[in-house]
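Trainee: Here's the letter readout for the chains.
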Amino acid sequence: MLDPVDRRILVASQDGLPLCVEPFAELARALGLPQTELLDRLRRLRERGVIRRIAAVPNHYRLGFLANAMTVWDVDDREVSRLGPEVGALPFVSHCYRRPRRPPDWPYNLFAMVHGRSRAETEGHRAEIAALLGNACRASDVLYSTRILKKAGLRLALEPPASPEMSACSA
Amino acid sequence: MQETAPTLAPAPFEPTPLERALLDRFQRELPLVPRPYAAMAEAVGASEAEVIEALARLQAAGVLARVGVTVAPNRAGASTLAAMAVPKDRLEAVAGLVSSFAEVNHNYEREHRFNLWFVVTAANRGPVEQVLASIEARTGLAVLDLPLERPFKLDLGFPLRWR
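Going down the list, the sequences are from chains H and L. So my numbering is basically just the index in the first sequence, starting at one, shifted up by 5. So my numbering is basically just the index in the second sequence, starting at one, shifted up by 473.
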C-alpha cells in the first residue's frame, strides 16, 4: 500500500524533476522531507513496481515519429499469454497489453502501440506483428492517432484508494 | 492544450550528439543519486553543466516531455482505456466534455469508427466507473471500458533510430 508520504512524493514528482545540480534535494525541501528519505522511498517504490521508471521522457512527435498507431489483434485465448511477450519484445512496440473483448463492437484482446516515421514504416511493423501471430490471430485493425486532445501526467488523487484494487491489474 | 499531428507538425528537431546520447541512454532509468545529472554526465562524457543545459534546451524545444517519474497503471490507483464512436459533427463537443474531467489524463482522436480514445484514472475503480457513466449519460453515447488485464510490455521508451 502507498502511505500518504509516498502519495505526496508521486504527485510532486510526476511533472518532472527540476533541472538543477541537486534536483532531489530541491524536491525534498518542497515536500519537507530529508533527501535521504526521499531517495529511499523512490527506490522502494521503483522496486515494488509502483514507479515504472524515473527517466527522460521524449516527445516522439517532435523527433519525427509521426505515424503512431494503436494496433489491435484478436488472438486465441490459449495463445495470447505466450505471444503477448513476443510482440512486446519487438523494438518498435512501446507498450503491449491484454485487454477484454467487448463483442460484438470490439473483438480485439491484444493491443500494441507501434511507432514509425511514416505510415509505410508503421505498416511494415504491423505486418511483422501479423507474421509473428500467424494463425493464432483471427482479425486485426490499426488506429492511427490524428490528434492529441489532452495529454497530462497522471494526476493522482491525494486520498488513498479505498479498496484492494491496487493489485487487481498488477500482473 | 491541443497538439495537431501529424500533417501540421513542425519539422523534426535535430538533436546534437550529446542530446541524442541523453535521449538514448536515459529513457529507461535515471540514476537515483543526489546529483543525477553529474552521473549522467559521467556516462556520456560531458560535464554536469552541459547535461543540465542540454536537458533544458530539449525541454524548451518540446523534445523532452519531462525528466520525471512515471507511475505504473493500476498500482497507485485504478485506470481504464475507454473508447467512443462519436458522430463527426459532435466530435469537438464530446471531446471537450471528455477532456474536462480531471480524471481523464490522455485523450486522443483516432482514425476509426471508434474515433475517441481516452484514459480515466482515479484512486480506485468506483470513481472511474462514475466518470464513464457520467460521460454516457451526458452524451447519450456508449463508452467501451477496456481495463488492462495483463501487461506484456510497459512503456519503457523505444530505440529512436536516429538518421
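Hints in this document: simulated from the structure, not taken from any laboratory. Certain hints may be false.
[As the list claims (entries may be wrong)] Derived, one-sided and incomplete: chain H residues facing chain L with beta-carbon distance under 8 Å:
1) 15
2) 44
3) 104
4) 142
[Claimed, not checked] Estimated spans, in silico, between C-beta atoms of each pair:
5) H:40 x L:529: 36 to 44 Å
6) L:615 x H:135: 24 to 32 Å
7) H:83 x L:522: 28 to 36 Å
8) L:615 x H:39: 47 to 55 Å
9) L:584 x H:137: 19 to 27 Å
Even glycine gets a Cβ: it sits at the ideal position worked out from N, Cα and C.
Trainee: Broken hints, numbered, in rising order?
Mentor: 4, 5 and 7
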